[in-house]
Amino acid sequence: MATIELNEKNFEETVTAEGKITFVDFWAPWCAPCVRFAPVFEAASDRHEDIVFAKVNTQDEQGIAQAVGIQSIPTLMVFRDGVLLVAQSGALPAAALDAIAAKVRELDMDEVKKTIADEEAKAAAAKDGASKEEAPKEDAPKDAALDQSDPKA
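The numbering used here puts the first residue of the sequence shown at 13, with every later residue one more than the last.
Think of the hints as simulated: they come from the structure by calculation, not from any bench.
Just so you know, not all the hints are guaranteed correct.
Unchecked claim - Computed spacing ranges between beta-carbons, pair by pair:
1) 142 / 120: 29 to 35 Å
2) 48 / 133: 39 to 45 Å
3) 84 / 106: 26 to 32 Å
Everything numeric in this text was worked out from a predicted model, so none of it was measured.
Even for Gly, the Cβ is constructed at its ideal location relative to N, Cα and C.
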């Protein structure tokens with residue numbers, strides 16, 4: 013299966029497709045490791061026909077690269093059902109791509125999504141608790157012993 017080129021128009025739709033695994037190679041034509049990784053990535057797409065293999069040229073699609081936090085290239089990101097599961101910088105060998113494909117296929121995405129929802133709920137509760145602690149208590153009685161404004165008191 014050939015790789016597809018992603019851009020602003022098709023990126024979101026491609027990586028969020030329900031029931032799909034998508035490997036995305038973030039690269040640039042001037043990047044020597046990216047150029048060396050390209051045939052490895054292409055060959056993996058032939059071995060794993062059930063997986064969408066896509067490429068984002070970070071030189072042309074800077075908005076996408078910035079939105080997903082690309083800091084170095086090549087970077088491989090793996091999505092399943094719209095969930096980012098892997099973000100790995102550096103050119104990977106074929107065996108590593110095959111291992112990632114196998115592990116991602118085995119995942120129970122209902123369990124993954126439940127874990128994500130639980131973590132988000134915990135983070136929201138912690139944030140909510142922290143903001144309540146930081147809020148000033150206007151109706152709390154003023155402690156006269158702490159009031160140092162009147163030296164005679």
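Looking back at the hints listed earlier, which ones does the structure fail to meet? 3
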